[in-house]
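Protein chains in written order, with the working numbering: chain A, 23 to 363; chain B, 430 to 700.
Source of the hints: derived by calculation from the structure; they are not laboratory data. Some clues are possibly wrong.
Said to hold, decoys possible - Chain A is nowhere near these chain B residues, computed Cβ spacing over 12 Å in every case:
{"id": "1", "residue": "Gly-478"}
{"id": "2", "residue": "Pro-486"}
{"id": "3", "residue": "Ser-506"}
{"id": "4", "residue": "His-522"}
{"id": "5", "residue": "Val-623"}
{"id": "6", "residue": "Asn-632"}
{"id": "7", "residue": "Asp-668"}
To be verified - Computed from the model, here is a short list of chain B residues facing chain A with C-beta under 8 Å:
{"id": "8", "residue": "Ser-499"}
{"id": "9", "residue": "Ala-521"}
{"id": "10", "residue": "Val-525"}
{"id": "11", "residue": "Arg-526"}
{"id": "12", "residue": "Lys-540"}
{"id": "13", "residue": "His-541"}
{"id": "14", "residue": "Leu-542"}
{"id": "15", "residue": "Asp-546"}
{"id": "16", "residue": "Gly-551"}
{"id": "17", "residue": "Tyr-563"}
{"id": "18", "residue": "Gln-566"}
{"id": "19", "residue": "Arg-613"}
{"id": "20", "residue": "Thr-617"}
To be verified - Restraint-style ranges between C-beta atoms, simulated for each label pair:
{"id": "21", "chain 1": "A", "residue 1": "Gly-207", "chain 2": "B", "residue 2": "Thr-644", "range": "57 to 63 Å"}
{"id": "22", "chain 1": "A", "residue 1": "Ala-362", "chain 2": "B", "residue 2": "Thr-644", "range": "47 to 53 Å"}
{"id": "23", "chain 1": "A", "residue 1": "Asp-354", "chain 2": "B", "residue 2": "Ala-648", "range": "54 to 60 Å"}
{"id": "24", "chain 1": "A", "residue 1": "Phe-139", "chain 2": "B", "residue 2": "Gly-488", "range": "34 to 40 Å"}
{"id": "25", "chain 1": "B", "residue 1": "Glu-592", "chain 2": "A", "residue 2": "Phe-139", "range": "42 to 48 Å"}
{"id": "26", "chain 1": "A", "residue 1": "Leu-123", "chain 2": "B", "residue 2": "Ala-629", "range": "51 to 57 Å"}
{"id": "27", "chain 1": "A", "residue 1": "Gly-54", "chain 2": "B", "residue 2": "Gly-589", "range": "48 to 54 Å"}
{"id": "28", "chain 1": "B", "residue 1": "Gln-645", "chain 2": "A", "residue 2": "Phe-139", "range": "44 to 50 Å"}
Note that beta-carbon positions come from the ideal geometry of N, C-alpha and C, so glycine has one too.
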Amino acid sequence: MSSRDHTELANPFDRSSVSRRWWLLGAIVTIGLLPLVFQDSYWRTNLIVCALNVMLAIGLDFILGYAGQLNLGHSAFYGIGAYVSTLVITKLGLPFWVAFLCGIVLAGAAGMALSMFAVRLRGHYLAIASLGFAVIVHQVLVNWISLTQGPLGIYGIKPPPEIALPGLPVISFGNSANMFYLVAGFALLFYVLLDQLVRSPIGETLTAIREDEVSASSLGINCPAWKVFAFGAGSAVAGAAGAFYASSVGTLVPDAFIITESFTILAMVIVGGMGTLIGPVWGAILLTVLPEVLRGFGDLRLVLYGAALTLVVLFMPGGIVQAAQIVRAQFDRLRARLEAG
Amino acid sequence: MSDDISGRVAGQADGRRNSDKVLFRSKSLNKSFGGVHAVRDISLNIPHGGVFAIIGPNGAGKSTLLNLMSGLYQPDSGTMSLDGVDLVGLKAHRRVRLGLARTFQKIRLFKHLPVLDNVIAGFHIHHDIPAWQYVLQGTAFRRDYARCRDEARKLLSFVGLEERAKARAGSLAYGEQRMLELARALATSPRLLVVDEPAAGLNAAEVEKLLDRITQLRAGGMTVVIVEHNMDLVMKVADRVLVMDYGQYLFEGAPAEAQVDPGVVAAYLGA
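Generate the whole structure from the sequences, applying the supplied hints.
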């Protein structure tokens, strides 16, 4: 799974909670400042897409990087979250936040169901089963016209309702900055939740399953049950991203959740660094911003994007996190040499 | 041996021991793979405490028997129980909670994880904190977290690997990997520890060390089952042996008697 070959491993559990608090504060400040730096609507939309992709990437990483389950159907959970939350509002007339919860729960339940059906499958076989699941979900969205309006799509989806607290100005999510704060705030919340889980014995258990299932069960670990748990948690986060996608874009078409979306999310996880939570965050940001920056290259854009991806997989299989480790090690060596004179 | 480990083991053996002197019992176990009858009609009574060895030439069905005991395979027919609890149909991970732990002949460590984390994974069934503590990580969580690391370090020092706690498990020497597997299995606090060919690939000094640890575990009250084809090793450590050949029962009794049993001698020398 990993290509790290140095003998002494830095234990991620050793990082002090104090430094984690500073990182959290830094993240909150950054989220607060970003819409002030990017004022035009084009970049603000990209900011929201970044936050959505961060949610998708950390959810997939929990399933793939920690529990080691090769899930190629993440776009399906994203789509289920988006359509369920929208339909609960339009067909049942329930408020947004109820619909939001329904999207999370149903996407999570779909993930658990897939994992239960695929309980005997692993590696390539699970990849194909989950890919098939994504195709099925997409086809249902296209063909169940009475419910989803098929390829015509659903239009005019409203943003989340305004928050009016007494004594404070009304917070409207029609405003792109507020919408970004909402989505990024939830992305951060899910990040912290998953981060706590992977730093707990649950992280140890999932990693054991990823490394060797026979060994894990010889230590009393119920592998199928924990895989269902990982799938449920990871796909529930994707469901939340789906609900925010629908309410921020305002339009829903099945092709937004086509299987290539699964591969894009997978690329974010791999480029960032599987099996670390912070890596996929950077991967999601990079792979959201990079295509936009490359727009100037016209048709060459996708070639450059593909070439960059291939280079990362070939030369930096640990992704951005591995690159950062190498840079830090070089820096420490240089500093040690300078101090030694 | 560190007092903590012998104390814990002894305490457990005393606490759970019932009037029955037999810890593990099997009756007429059978397992076939296609046309190969790997385990044929094996009945066993493994008493509480002591070292019980299962020996036999290569291909005698020892490892299959062990995999039946640990739940990796289910038997075609026959019964098994641990301290009176029926094991047939029970999955491997459930048997660990009953106090059955094992190591593997072909080492199966979590190779990419640090040595210490390999042992910590063995505490999976011993985290007794409420689920919400995993998210909020309050005092109970931190106490459990510290306790696991503490006990994992004790187990590492028991097998002589405390210096290598941060090394990647896959980077250890072969003999060290075997000792780490032993420490990881001990983390589950077993009553019955099953060790599959522990001496395979070890040099003489490493075998000595391993035997010494097994002797210490026995002194602490643990029941140890060793699957082995090395007769010398078995003679040194075992209280009782079961000899198998072609999946069948050949002999059961004291090691010294096995050595002079004509059937056993014939199986080993091919006479």
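Tested hints:
1. Gly-478: The claim holds: Gly-478 of chain B sits with its nearest Cβ about 23 Å from chain A, beyond 12 Å.
2. Pro-486: holds, 25 Å
3. Ser-506: Label holds. Min Cβ-Cβ 23 Å, cutoff 12 Å.
4. His-522: violated, 5 Å
5. Val-623: Violated, because the least Cβ-Cβ distance between Val-623 of chain B and chain A comes to about 10 Å, which does not exceed 12 Å.
6. Asn-632: Given that every Cβ of chain A is farther than 12 Å from that of Asn-632 of chain B, nearest at about 21 Å, it holds.
7. Asp-668: Fine: 25 Å to the nearest Cβ keeps Asp-668 of chain B off the interface.
8. Ser-499: Cβ of Ser-499 of chain B sits 7 Å from chain A, so the hint holds.
9. Ala-521: Because about 5 Å separates Ala-521 of chain B from the closest Cβ in chain A, which is inside the 8 Å limit, the hint holds.
10. Val-525: holds, 3 Å
11. Arg-526: holds, 6 Å
12. Lys-540: holds, 7 Å
13. His-541: holds, 5 Å
14. Leu-542: holds, 6 Å
15. Asp-546: holds, 7 Å
16. Gly-551: This hint holds: Gly-551 of chain B lies near chain A, its Cβ roughly 5 Å from the closest one there, short of 8 Å.
17. Tyr-563: This interface hint holds because 4 Å falls under the 8 Å limit.
18. Gln-566: Interface hint status for Gln-566 of chain B: holds (6 Å vs cutoff 8 Å).
19. Arg-613: holds, 7 Å
20. Thr-617: Since the shortest Cβ distance to chain A is 6 Å, the answer is holds.
21. A:Gly-207 to B:Thr-644: 57 to 63 Å: Cβ of Gly-207 of chain A to Cβ of Thr-644 of chain B: about 59 Å, so the range 57 to 63 Å holds.
22. A:Ala-362 to B:Thr-644: 47 to 53 Å: With Cβ atoms ~49 Å apart, the hint holds.
23. A:Asp-354 to B:Ala-648: 54 to 60 Å: violated, 47 Å
24. A:Phe-139 to B:Gly-488: 34 to 40 Å: holds, 38 Å
25. B:Glu-592 to A:Phe-139: 42 to 48 Å: This hint holds: roughly 46 Å between Cβ atoms.
26. A:Leu-123 to B:Ala-629: 51 to 57 Å: Roughly 55 Å apart at Cβ, these two residues keep to the hinted range, so it holds.
27. A:Gly-54 to B:Gly-589: 48 to 54 Å: holds, 53 Å
28. B:Gln-645 to A:Phe-139: 44 to 50 Å: holds, 47 Å
The structure fails to meet hints 4, 5, 23 from the earlier list, while all remaining hints are met.
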